[in-house]
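**Q** So the sequences go chain by chain: A and B.
For the first sequence, our numbering assigns the number 1 to the initial residue and increments by one for each residue that follows.
For the second sequence, our numbering assigns the number 1 to the initial residue and increments by one for each residue that follows.
Note that these hints are calculated values from the structure, not bench results.
Treat the hints loosely; a few may be bogus.
Short derived list, chain A residues pointing at chain B, Cβ under 8 Å [said to hold, decoys possible]:
#1 Lys7
#2 Gly8
#3 Tyr12
#4 His73
#5 Arg88
#6 Trp186
These numbers were taken from a predicted model, which means no experiment stands behind them.
Using N, Cα and C, we set each Cβ at its ideal position, and we do this for glycine too.
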Amino acid sequence: MPLLEGKGVTRYFGGLAAVQNVDFHVDQGEIVGLIGPNGAGKTTLFNLISGALVPQSGEIKFKGANITGLKPHVICRRGIARTFQLVRVFPNMSVLENVLMGVLFGKPDSHTMDQAREEAERWLDFVGLSAVKGLPARSLTLANQKRLEVARALATGPELLLLDELMAGLNPTEVAQAMELVSRIWEQGITIFMVEHVMKAIMGVCNRIMVLHHGEKIAEGTPQEIATSRTVIEIYLGE
Amino acid sequence: MKPGNLNLQRMWGPGLAFVILALLATLPLYASAYSIILVTDILMFVILALSWALFSAPTGYISLAPAAFFGVGIYTSAILGRQLPLPLVVFLGGLISFCLALLVGALTLRLRGIYFAMFTFGLVELIKHFWLWYEIKFTGTRGRFVVVVDQQTIYLIMFTIFVLLLLTTYLIRRSRLGLALRSIGECEEAAAHIGVNVNVLKTLTFALSAIFIGAAGSVIATRWTYVDPYIAFNPLYSFMAVLMAIFGGIGHPYGPILGAVIFAYLEEILLTRFPYYYMLIFGVVLIITVLYLPEGLIGLMTKTRKRLAGGQDAPA
C-alpha cells in the first residue's frame, strides 16, 4: 500500500483545468520529484493534498484512509507537513516560536511548554538555525527563512513532507546545503514529495520523478528516464 | 547592572498594577459620589477597548461589532432587570452576547480584512433596525425604562468584570492559545497548515471577548434609566473601542487600558470645560496619534525608555 495515493484528482479554476484527472502515488521511504513548466499545476496539486484546496473530483488517500476534503489542520495532524513556494514564516515571532508552533499544534499528543521548547530547539539544531533562535523570523535571509519553514514543518512530526520549491531563489552554495538537508530529512525516515525547478537538485536526490503539463501527468520514471524522455524534452525546449 | 536593580525593575510593573487594583477595589470607601461615577465610566471604556484587543490585536481582524454586543447587554438589562437580581442579569447579558458572537463568528470569520470590518459594522445597524421594528410592532413604544440601581453596586460589578477580563487577557497571552492567535495574525494559511484549527479558535476568542462587552452593557444600562435602539446600538461604541485601543497601543496589554483611561478622562474634562470644542480637540488628538504614534502611547513609551537607557549605558 502506498503512503500517499491519488486517483483521478481534478481541480478547475473557472474553465481552466489546473489539475486534471491525475493519478499519483508516493511510497514509504521515497523521495519523489514533481516537475513541469510554470503553470503546470504543481503547486495546485500540493494544495489539494495539504487541504488548502478541495478537489472537484477524485480521491486522495493517506496511509489507506481517505483524506479528500479534510481541513489543513486535520491533514497536518494525520502526518502530512508542507512548506510554501513563497515563504510563509510568522515574521514577527521569534525563530524559536515559529518552530514551537509546529510542536504545540502539529501533532495529536500534548506536551508541557518545557518539553515543547526542547523539541523545537532540537529541530532548530537539525536545520542549523540554533544561533539565531531569538531573532524575529523576518530578519533572516531567504535561505534561512526556508530552513525555518522546513524546521517548522518537521516539528509537526510528519511522515510525509511536501517541499514546494525549496531551492528557488537560492545561490549555488545554498542549493547544495538545501540538497544535503533533504537527504538528512530522508535519513530520519521521512518520505519526501518535492516540487523543484532546479534540475541538478531534483536529478540528484529523487528516486522517481513525475512530470505535469497543463494539469495532466505526462511522464513518470527514474531521473535517467525523465532526462532522456522525448516528451519531456519537447515540453521544456519546444519541438 | 546589579541583580537587585534588575529585580526591582521586573517587580515594579506587577507591583504597580496590584496597588492600582487595590485602590480601585476599595474606592467606594473613600471616594466621592462623583468620582465613583467617573471611574465607572472609565472602567466601562477600558472593558470595551481591552475586550476588543483580546481578539482583534493578535489576529488582525478589525471587528466593529462591540456596539452590537454592548447593545445586547443593555437590552438584557432593560428586559430582565426588574425580574432578576443584577448579577444574574449581567451574567445573562454576557452569555447572550457570547451566543450571538459565536453565531456571527462562525458565519463571518472566513471573511478577511476590510470585508470582516464592514460586516461587523453592518451587524450593529442590522440589529438596531430589527429591534426598532420589533419594538414598534410588538410593544408599541420605541424605548424602555431600565431599573435603577445604586452607584456603588454598579461600580463594584463593573470593577469585577474588569478584573475578570484582565485575568483572561493575561492567561491567554501566556498560553499556547495566545501564541496561536498571534500566528493567525501573522500568516493564517501557514497556521492552518501546521495544525492550528483557525476557524474554531477565531470564533471562540471572538465570542469570549463579546462576553465582557455584553456584561458591561448590562451594568451601565441601569444607570441610563431609559434606552431605545438608537442609544443601545450606537456604532460610536465600536469606534471608541477601536480608537482607544489603537491610541494606547495594541502591542502590549496595558496599551488599550492606558488609551481608554486617557480617552475617557479627556472626554469628561473636555465635555465639562469646553463643551463646544470637545469634538474638535478630540479629532485633533486622533489625527496626531495616527500620524505620529502608529504604535500608540505604549510604543512611544518603549521608544523613549530605550533612548534613555541608551544614554545611561554610555560610559560616565
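**Q** Hints first: check each against the structure and report whether it holds.
**A** Taking the hints in turn, this is what the structure says about them:
{"no.": "1", "hint": "Lys7", "in the structure": "violated (23 Å)"}
{"no.": "2", "hint": "Gly8", "in the structure": "violated (24 Å)"}
{"no.": "3", "hint": "Tyr12", "in the structure": "violated (21 Å)"}
{"no.": "4", "hint": "His73", "in the structure": "holds (5 Å)"}
{"no.": "5", "hint": "Arg88", "in the structure": "holds (4 Å)"}
{"no.": "6", "hint": "Trp186", "in the structure": "violated (21 Å)"}
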